[in-house]
Amino acid sequence: MCFVKILIKICEIFIGGQLFFMGKILDNYVEYVESKSPKTGWFNSLLHAFLIGGAICSLGQMVGDIIKAFNPMMDIQMVGTWSSIFIIALTIVLTALGVFDRIAKVGGAGTFVPISGFANSIASCAIEYKKEGLVFGVGSKMFFVAGPVLVNGVAYSLIVGIVYFIISLF
Amino acid sequence: MKKIGKSTFEFEKDIFVKGAFSLVSSKEAEGVLGKYFSEVLEDDTLGEKTFEKAERAMHTLAIKKILKQQELLESEVDLLVSGDLMNQLVTSNFSAREFDIPFLGVYSACSSFTESLLIAGTFISAGAAKNTISIAGSHFSSAERQYRNPLEFGNQRQTYSQWTVTGMGATHLSLIGSNEMPRIKKVTVGKVTDYGIKDIANMGAAMATAASRTLLDYFQDTKTLPTDYDLIATGDLGKLGSDILKDLMIEEGFPLGQNYTDCGHMIYSSLQNSFQGGSGAGASAVVFNSYIYEKLKKGEFKKVLLVATGALMSVTTNQQGDTIPCVAHLVMFEGGKC
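Residue numbers (this note's numbering), protein chains in the order written: chain Y, 655 to 824; chain X, 1098 to 1435.
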């Protein structure tokens, strides 16, 4: 019995949905809806994220290489900073033009995970909330989406720092 | 007006649906029902600086247009009942200040349109009003701002999400009319249901239970069957929600047949990338005031049930982990006699 259940579970992961639903619908409504709702195709999502995310990172690398070619004396960290600045600026321009959200619709995590996602989340909020004024609009809501990321990022790096410090004592 | 059964009310007088006006943006006009809409906006901002202002301007424009279409003076209208999705009902309230008409604002999310019809109908039936205007609508961009993320924020929508309709639908109900006109015969006031859905993107699934409850109440109260109607249209369940509703109605013993449709599902074509279909207070309002009204007027539909469904959550309740309560109000129309 257990073996059959595991087999069903594996099949469900592959087709991206629940295979069986039994019983009265309204008694187990949440599970029923879960089984009925269409799932995102995981292969396509991964492929799109890989291609678009890869393209963004390659673009960053290309910018870095070009800078390096023109200015071989530049510190490698400085080159990295300049490529990040380029990606951020490009994202902000594309966001303002209303193009970035279309790319992100396809790219998913591919556009969100690189620094472009962070830039877009701040730029889109700044554009959106400008209508409520510079102080209570842009000022207070610019980090509406990025804020939680920042807070969590700082909090977790603090924890990691403490753990690292304790480990390094021994 | 008398009560039949548990939650259905029958109007003793005929409530005539004298006129209908629908105003949509170009996206809706490109959909399947494009040719039925009264007016299409080229620019969905109407030249306003914010989308909230644009929605208000659309609302005001729709009321002005239906008054003009029906050759009504503001003083001849006894009641304006309107609804929208914005917090504190700002669209309805702000646009009402432009008119010299007694005003009631109603909110039951996407079922505001049928709620406004049944309230206006009740006033007429009581002999308190002769001419009323019912209007409801929504705007994609203002709804997106209020309920979801900034417009330019790049993220992927869930495959089961829906697209808020940008549109306004206004209906002129009257005590005076002729036999050729469609009329409202019965209404069922919905009960609020909640079966534990928390996902704000999956409102079709949450609202399907409310639609099934109201339809079930109506069929039991009136002792009729789904096959007795030419059209049974739900408001904005979308494709997924309508499939769930069909399953629920089979289980309850009132299976819905070919005469069942969903306003949100039918408004966009499958090429328009609107996922499960349209949603919002505008969905049922614009589809009724264009396609369904046309067909009722021509007598192609004799008996129609319009069941607009509304999800009654707010962003705050959702973030606090509450489930989504839903309601559906039903209005039964009879077509014009040819």
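FYI, nobody ran anything at the bench for these hints, they're computed from the structure. Note that the structure is a prediction, hence the values are computed from the model and not measured. Any given hint could turn out to be false.
[As the list claims (entries may be wrong)] No more than 30 Å apart at the CA atoms, straight line, and that leaves these computed lysine-lysine pairs for DSS-like:
id	chain 1	residue 1	chain 2	residue 2
1	X	K1146	Y	K795
2	X	K1343	X	K1392
3	X	K1099	Y	K678
4	Y	K795	X	K1295
5	X	K1099	X	K1295
6	Y	K759	X	K1399
7	Y	K759	X	K1394
8	X	K1162	X	K1099
9	X	K1162	X	K1399
10	X	K1165	X	K1394
11	Y	K785	X	K1124
12	Y	K759	X	K1392
13	Y	K678	X	K1320
[Unchecked claim] Covered stretches of chain X (chain Y as the covering partner; in silico rule of three or more C-beta atoms under 8 Å from a C-beta of chain Y):
id	stretch
14	1315-1326
15	1350-1362
[To be verified] Among the chain Y residues that face chain X by a calculated CB cut under 8 Å, a handful are:
id	residue
16	K678
17	K690
18	L744
19	I746
20	T749
The C-beta atom is built at its ideal place from N, Cα and C for all residues, glycine as well.
> Which of the numbered hints are not met once you compare them with the structure shown?
Replying inline: 3, 5, 6, 7, 8, 12, 14, 15, 18, 19
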